[in-house]
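*Asks:* Residue-level listing of the chains:
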Amino acid sequence: MAGEYVLEATQVSKSFAGTQALDDVSFNVRAGTLHALLGANGSGKSTFVKILAGVEQADAGEFVINGQSVDPARMKPAIARSVGLHFVHQDPGVFPQLSVAENLAMGRGYPRGVGGRINWRKLRQRSVIDLEKAGLSLSPDAALGEFNASTRTLVAIARALQDIVEPEGNILVLDEPTSALPVKEVAALLAALRTFTDQGVAVLMITHHLGEIIGNADQVTVLRDGRVVADVAGEDLTHNQLVEYIAGRPLDEALPQMPKPTSEVPILEVQHLSVGPLRDVSFDILPGEVVGVAGLLGSGRSTLLRTIFGERAVEAGEIRFDHQPLQLRNPRKAMAAGIGFIPEDRAGEAAFSVLNVEQNVLAASIPEFWRHFHMGRRLENQAAKSSVVEFGIKTSSEKALLSSLSGGNQQKVMIARWLRRHPRLLLLDEPTQGVDVGARSDIYAIIRQAVEKGTSVILVVSDFEELAKVSDRVLVLREGRLVGEVRHPDIDSKHLTDFAYAV
Amino acid sequence: MSIFSKNDLDSGDTPEEGEDVVVATAPSTRTIKERGPVLNFFEHYGLLALLAAVVVFFCVDPRTSADFFSKANLITTLSNQTVVATIALAALIPLAAGYIDLSVAAIAGMSSCTFATLLTRANFSLVPAIIGALIVGTLLGAINGLLIARYHMSAIITTLGSQIALTGLMEWYTKNNTIGAGMSYKIIIFGSSNWFSIPKLTWIFLPVILGVWFLLEQTPFGRYIQAIASNRRSARLVGIGVPRTVFLCFMTAGLIAAIAGVFLSIQQGGADSSTGPSFLFPALTGVFLSATVIHPGRPNAVGTVVGLLFVAVLVSGLTFLGATNWAPDLLEGLLLVGAAGLATVLARQRGGEGIF
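Protein chains in written order, with our numbering: chain A, -4 to 498; chain B, 3 to 358.
Incorrect hints may have been included.
[Unchecked claim] Restraint-style ranges between C-beta atoms, simulated for each label pair:
1. A:G243 / B:Q220: 53 to 63 Å
2. A:V384 / B:L336: 43 to 53 Å
3. B:W205 / A:R315: 35 to 45 Å
Worth flagging that the hints you see were computed from the coordinates, not collected in a lab. Quick reminder that beta carbons are idealized off the backbone N, C-alpha and C, glycines included.
Turn these sequences into a full structure, and let the hints steer you where they fit.
*Replies:* Okay, structure coming up:
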């Protein structure tokens, strides 16, 4: 029951420090439809949602929401709510220990009785109505944790929609609602979304998974590099067409074969490795090789790196380094073998923000400076100084606090920390995330230099274009399995997208 | 370190485990401004300057100068502060790694009881009695460390429980009497005499503070502690054995607290159940003040002594001004909150989350 336009976005633009995140984005969403917003990582879809939610402000453009003109440069969360936008984020923000009714009350507050006490009876009645509207038949008293993940997401949706009076004119924005769901629950969630669209609610869904869109979405808008490259009806869409829109090149069905093992002597051999999401992964890395790992969020890419670094225990299979089986129990053993690791979450897992640049650069080399029964402070300072110069870290001094540096320079510090140890294998998880274009090319130049000296690199990067550019070959992970390997001259983002999205 | 296998120590940490860290990780991407030289000086040496100003004030003010600026007052102040300062240094080591230890004063009490018992009731000679006391303190610290590092229990709860339980144990054992009848006269005289107008115990304290300073500033262990305090998960991913380091921090705290216990017994010529535990909050005040001087935002050894002297001088000066027994409690309470608050501000300005 597609109705009038409830959301009209016109020429919405937004730039961050030199990059155009959104470039004249225009598209419309009709009432009562399931509208999918697609795009590769970095295509601008998250930025668009943030602007819609009022978390970020656009530079230019216009929204018309339910006939009301809204300036996206002055969007605020309160405005978004008042014009009928409702958001459920990737992490639905529910409380498994609390009851269904209490989870709903977290959105609107508890109904009160005499003396401000919680009126539990009223809450229960209200919850039953809210749940019915969402097509859920749950006991309001049951703990939410008893239900499966798709039901929990639906409760979050019911909570987001509970204070609407008329379903018409409301827009439910779901940011990757299925990314945390097991495959078999995705269908249940999608079916349930129909309950809302049938009532007249417009659902704008951001997703990575093409399979969910085909046969489900009424309208599909695809963003690439901040622009709308397709805005098409959902029926008749094929998987290949979608991949083409996302990657920007026609789909070539002929996927490259896995090449035969090389005769060269590998430094790292991973054999039938199973850990967490990873299933039976085998591959070799040669000295001086840059091997990319492509895969979507949840494909097991980070787990792979963490396991090689000894941070996660091997469940099955073997990792051999330099022909010796690596009995990895902890990062220290991996470090002693000559492995370095830069995790994805710099602030949370790599940076020591209250310590200075020197301490951060030398953090993985502390015992090196324990000489003649004291810490060789002068040696430390010299080492830090030479690293600052060698890796082009822009800082007022090596004694400056790490937190005073820009993101790109902080990342250079992290890379310097490992490269100064001359690792034989460097594991990089999203090394250029949140780093501007200039620093990005600096970082790759630094990595290249190390590679020329014989360091091997395993690189996880979400941006397939970037991955294609810097890797000698790319391993593609999908749902924990190694599904392909792409070598030159076939490495380009299209091939990788094909592989990563293949259903 | 045979209590647990190497494997347990190292791989026990899962990435999810960082939740109960006392000094939180620093997820901020705030950019921090460099500060000017004047502000910089005051952040590093402000408390030292304040200490000097207070000393000068009480020396000059006619109401206090006679009593305050005297050899007797110097000796009293130093001898009172030696035990507190040693307990403070014990608390400093886990605190430098971001973990509070509320049990150090009770461990000092237990060790002093052990020392006095071994000396007077078990007829040990001096050195074995000291060793016995140190072993008891170290073991108690190790138990704290095991619970906190190995089993990921909250440091504040674990050590609070230890403090209370140990105090109870001492009350039961001493029956609220002083143990020490028959302690050698030589020891008692040693505890109350001076070298060059400075109490002998204070001289012995010097190597202790030197040792703690060396441990924290001049060894890889000290660097590991700083890294853990800044970001536990990052520390693990640069190869630092976080559980092992934390365990050793609490064990070392127990050892140093035991040294404080021995000092206490020597000074008092005996041991009782209440004196040791009563030093907890004065000691903590000193440790928190230390994070506002020398190395702003980071508790440190020299700062601890500066902090304690500041409190002691203020209390003694105010006492000469006529303030009575309410003054130390009020001052220490205010300074504890003020110091912890200031330390947090200083740490946050540096992009961290602050202590506690």
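*Asks:* Next, verify each hint and record whether it holds.
*Replies:* Now for the hints, and whether the structure bears them out:
{"no.": "1", "hint": "A:G243 / B:Q220: 53 to 63 Å", "result": "58 Å, holds"}
{"no.": "2", "hint": "A:V384 / B:L336: 43 to 53 Å", "result": "48 Å, holds"}
{"no.": "3", "hint": "B:W205 / A:R315: 35 to 45 Å", "result": "59 Å, violated"}
The structure is inconsistent with hint 3 alone, although it conforms to all the rest.
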